[in-house]
Amino acid sequence: MKAVLRLTLAYFDVVPLQRVLNALGVLLLLVALLVGFTADSTREGQLATGIAATGLWLFMLTPIFSAAVAMRIASTRSMLNLRPHGRVRMLAAATLLITLLAAMVTMPFMVGEWADSPRATRIGALTVFEIAWTVLALGWICIFALSRSMHTLGLMGLLPVLVLGIGRSGAAWIPEPAWLLAIAVVAWALFGRWYLRAGYVTRPVLVSSPSMDSSNNAPLQWLLSILPERDLPPSRERATFLFLLGGTPAFFALTGAWMGLLFLAIHFIPAAIDSGERRHSSLLQMLPFLAFFPAAFALNIVRRGRMLWLRGGRDRGSLFRVAELLGLRSAVTTWAIAAAVVILVVLLADPRSPGFVMLYAAAQAAVAVCLFYAGLSLINAWSVRDVLLCVGLSLAVIVQFIALEPHKRANVDIAIGVLVIATVVALVLRWRAARAWARLDWRVARLPQVAVRTG
Amino acid sequence: MSVAAVTVSHLSKSFGGREVLRDVTTEVHPGDVVGVIGKNGAGKTTLLETLLGFSPPSSGSARIFGEDCMQMSTAAKARIGFVPQQDELLPTLTGYKQLALNGCFYENWDHALLERLAREWEVPLDRRSSTLSGGERQKLSTLIALGNQPDLLVLDEPVASLDPLARRRFLQQLLEIAGDASRSVIFSSHIVSDLERVANRIWIMRDGNLLWDGETDALKQSVKRLHIRARRPLPAQLDVAGVLTYRREAGDTIATATVRDAPESLPQQLAERLDAQVECEGLGLEDIFLEIHA
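Protein chains in written order, with this note's numbering: chain A, -7 to 447; chain B, 15 to 308.
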């Protein structure tokens, strides 16, 4: 039991980055308490709940997205040869962790019920727990499965979109939330049965080398390994592109098309069921998710830049400019093609307000560029400042995602505001990135490393 | 005296308050083949990558061909070949493509030499590097580093994945190509016997300090093991300058001490002072390394 508890706690600390997030989470919870105690209006109460929810989210971020990968690492043969009973404990710890996370999600709603707030009458704490447990358990299984290979791992970013899409449409088909929980428990039991009986668990794909293609994060990475090499004469420009970005221009265009098609596929499942004004606008709401691709892409460019330090003969300033030029061009290509697919379908289905759709897309493009520069400026091995920047920008993306409400087609002012603010922030981040690259330390700049503990 | 290929002066490097290189000062001249040894985390890779400019020094300086490592010109960089610990091969490209792409960056790229070496080292250039074994990837990385006929070749654990036979042949050929009097080679390895065989200078790293920097033979000359056999119990500590280790056994009348830079008369002095029989033994590099880290 002690080992199970230790394992459960270890999931909250599985990457060093999480320590900073935990500290931030505690800080936000304290702020929420302070705001809650002094609140004398419903609006202030809601603010306190919002801050508390953000704090809890920071606590849960790593366990939700990394714990299943850590479980896969710890389940490989080399690890379990040392701990033959590890799997039972790890499965028990995973179950406990999912329950704990679901309870954490439920907590604000329980407080709401106790306080008898109007929001609590809409959705009960028990229902929230059932939905949260279901999403977490199924998400765990999906991430565990996706982390098996580089080809499937690229699809992980689409999971939240898939959850939103299926969740929205699936709600109409499930009579009681308890059914959801029942389905999740059965799925978890089947997963557990397989996990305990499987003779061999494959080591997960983790980015460990700077030469791993940046397209690790892109769904079409597998194309690079199966397509025959194009017999283009090698040139310095082509070599620079490949070393820095890990793919050809055509590859990034294909990635954009693939993402657009995936968004359509995900969208048409709920859209077939849903009706009314939200039907196609929900497709437009996928654009904010696209902004995270340039961020991850830029983060990888920082690491890959070391391959050109000696080869290219460039100094760090010149290297930054090349990374910016080629990286932005490729990221924008991918983003624009995926966005074009989305915009085209939205306008064909509902051509009422093309102006707003284009404005919305322009605002999201600015957000994507902003996140690209954020990625380029993250060179400090996830220092407190880097983590704060990530958390702040993620929150900003979520806030504008909620505030813009594309189905209303009326939030023109907000869209213009997002466009202007994102452009200004992008310029500031570009300045930060350029400064950071002048002292870039490639022994420090790296992606978060998973610290494995098996109890 | 020839111009130094590498000049390191009071170089220190810290990561988040933890000092991983401490006041390292050394030089590498043409003709030097420097072997770097040290335990995991001793600072070998940090030293190599800092002096090549991948990581800015916290204090002190490193100069390559007279230029600051962080501000090296294109010409200076073109004279360097580097094999990093984690290879930087593009996984989806064949060996031929990797060589051709790397060749685009250099004017003096020697395709013929690389193709000959690839045949001799049995590197399958027609396969994608993602399908190569660890040893084959290391050999391909080394081929790429040799392509520009570097005046300074830096190899970080270049033979870790090779079997003993391949390792010996590989290192021998590597030194035939890169180890002439006009070039310098720095390579780190955990395999001390390899270093002993090919390096004419040794850097021993411990906890970020450059503990030894000198000729391999001088190191062997300077470190001796003393076997002491006395009639009465020996003291708990040996009051002699340069003692690396001192162990008593069998009722404290037998002891073994390893000393560094000891005068030739030390065995005789100890024999008289301790009323003991003292025998002096020369050590191999591996034993010296173990004694230093004991």
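Among the clues, some could well be false.
Said to hold, decoys possible - Partial chain A-side listing against chain B, Cβ under 10 Å, derived:
{"#": "1", "residue": "V80"}
{"#": "2", "residue": "S227"}
{"#": "3", "residue": "R230"}
{"#": "4", "residue": "A231"}
{"#": "5", "residue": "L234"}
{"#": "6", "residue": "M299"}
{"#": "7", "residue": "L302"}
{"#": "8", "residue": "G347"}
{"#": "9", "residue": "F348"}
{"#": "10", "residue": "S375"}
{"#": "11", "residue": "R377"}
{"#": "12", "residue": "D378"}
{"#": "13", "residue": "W434"}
What the hints assert, rightly or not - From chain A, some residues computed to sit far from chain B (all C-beta separations above 10 Å):
{"#": "14", "residue": "V27"}
{"#": "15", "residue": "A31"}
{"#": "16", "residue": "G42"}
{"#": "17", "residue": "G131"}
{"#": "18", "residue": "A257"}
{"#": "19", "residue": "V324"}
{"#": "20", "residue": "L380"}
{"#": "21", "residue": "A388"}
{"#": "22", "residue": "I390"}
{"#": "23", "residue": "E397"}
{"#": "24", "residue": "D405"}
{"#": "25", "residue": "I413"}
{"#": "26", "residue": "R424"}
{"#": "27", "residue": "R427"}
{"#": "28", "residue": "V436"}
Claimed, not checked - Okay, the calculated beta carbon distance ranges per label pair:
{"#": "29", "chain 1": "B", "residue 1": "N122", "chain 2": "A", "residue 2": "I394", "range": "25 to 31 Å"}
{"#": "30", "chain 1": "A", "residue 1": "A15", "chain 2": "B", "residue 2": "S196", "range": "54 to 60 Å"}
{"#": "31", "chain 1": "B", "residue 1": "H43", "chain 2": "A", "residue 2": "A332", "range": "46 to 52 Å"}
{"#": "32", "chain 1": "A", "residue 1": "E229", "chain 2": "B", "residue 2": "F29", "range": "33 to 39 Å"}
{"#": "33", "chain 1": "B", "residue 1": "D221", "chain 2": "A", "residue 2": "L419", "range": "40 to 46 Å"}
{"#": "34", "chain 1": "A", "residue 1": "E229", "chain 2": "B", "residue 2": "R211", "range": "41 to 47 Å"}
{"#": "35", "chain 1": "B", "residue 1": "K53", "chain 2": "A", "residue 2": "G191", "range": "33 to 39 Å"}
{"#": "36", "chain 1": "B", "residue 1": "V17", "chain 2": "A", "residue 2": "R313", "range": "29 to 35 Å"}
{"#": "37", "chain 1": "B", "residue 1": "R246", "chain 2": "A", "residue 2": "R11", "range": "55 to 61 Å"}
{"#": "38", "chain 1": "B", "residue 1": "R133", "chain 2": "A", "residue 2": "L182", "range": "36 to 42 Å"}
{"#": "39", "chain 1": "B", "residue 1": "R130", "chain 2": "A", "residue 2": "L387", "range": "56 to 62 Å"}
{"#": "40", "chain 1": "A", "residue 1": "F29", "chain 2": "B", "residue 2": "F29", "range": "47 to 53 Å"}
FYI, nobody ran anything at the bench for these hints, they're computed from the structure.
Idealized CB from N, CA, C, for every residue including glycine.
Each hint, compared with the structure:
{"no.": "1", "hint": "V80", "result": "33 Å, violated"}
{"no.": "2", "hint": "S227", "result": "6 Å, holds"}
{"no.": "3", "hint": "R230", "result": "7 Å, holds"}
{"no.": "4", "hint": "A231", "result": "4 Å, holds"}
{"no.": "5", "hint": "L234", "result": "6 Å, holds"}
{"no.": "6", "hint": "M299", "result": "5 Å, holds"}
{"no.": "7", "hint": "L302", "result": "5 Å, holds"}
{"no.": "8", "hint": "G347", "result": "43 Å, violated"}
{"no.": "9", "hint": "F348", "result": "42 Å, violated"}
{"no.": "10", "hint": "S375", "result": "8 Å, holds"}
{"no.": "11", "hint": "R377", "result": "13 Å, violated"}
{"no.": "12", "hint": "D378", "result": "13 Å, violated"}
{"no.": "13", "hint": "W434", "result": "5 Å, holds"}
{"no.": "14", "hint": "V27", "result": "33 Å, holds"}
{"no.": "15", "hint": "A31", "result": "39 Å, holds"}
{"no.": "16", "hint": "G42", "result": "33 Å, holds"}
{"no.": "17", "hint": "G131", "result": "29 Å, holds"}
{"no.": "18", "hint": "A257", "result": "26 Å, holds"}
{"no.": "19", "hint": "V324", "result": "23 Å, holds"}
{"no.": "20", "hint": "L380", "result": "16 Å, holds"}
{"no.": "21", "hint": "A388", "result": "28 Å, holds"}
{"no.": "22", "hint": "I390", "result": "30 Å, holds"}
{"no.": "23", "hint": "E397", "result": "42 Å, holds"}
{"no.": "24", "hint": "D405", "result": "44 Å, holds"}
{"no.": "25", "hint": "I413", "result": "33 Å, holds"}
{"no.": "26", "hint": "R424", "result": "18 Å, holds"}
{"no.": "27", "hint": "R427", "result": "14 Å, holds"}
{"no.": "28", "hint": "V436", "result": "7 Å, violated"}
{"no.": "29", "hint": "B:N122 to A:I394: 25 to 31 Å", "result": "59 Å, violated"}
{"no.": "30", "hint": "A:A15 to B:S196: 54 to 60 Å", "result": "55 Å, holds"}
{"no.": "31", "hint": "B:H43 to A:A332: 46 to 52 Å", "result": "60 Å, violated"}
{"no.": "32", "hint": "A:E229 to B:F29: 33 to 39 Å", "result": "35 Å, holds"}
{"no.": "33", "hint": "B:D221 to A:L419: 40 to 46 Å", "result": "44 Å, holds"}
{"no.": "34", "hint": "A:E229 to B:R211: 41 to 47 Å", "result": "43 Å, holds"}
{"no.": "35", "hint": "B:K53 to A:G191: 33 to 39 Å", "result": "37 Å, holds"}
{"no.": "36", "hint": "B:V17 to A:R313: 29 to 35 Å", "result": "32 Å, holds"}
{"no.": "37", "hint": "B:R246 to A:R11: 55 to 61 Å", "result": "57 Å, holds"}
{"no.": "38", "hint": "B:R133 to A:L182: 36 to 42 Å", "result": "53 Å, violated"}
{"no.": "39", "hint": "B:R130 to A:L387: 56 to 62 Å", "result": "58 Å, holds"}
{"no.": "40", "hint": "A:F29 to B:F29: 47 to 53 Å", "result": "41 Å, violated"}
Consistency with the previously given hints fails for numbers 1, 8, 9, 11, 12, 28, 29, 31, 38 and 40, ordered from lowest to highest.
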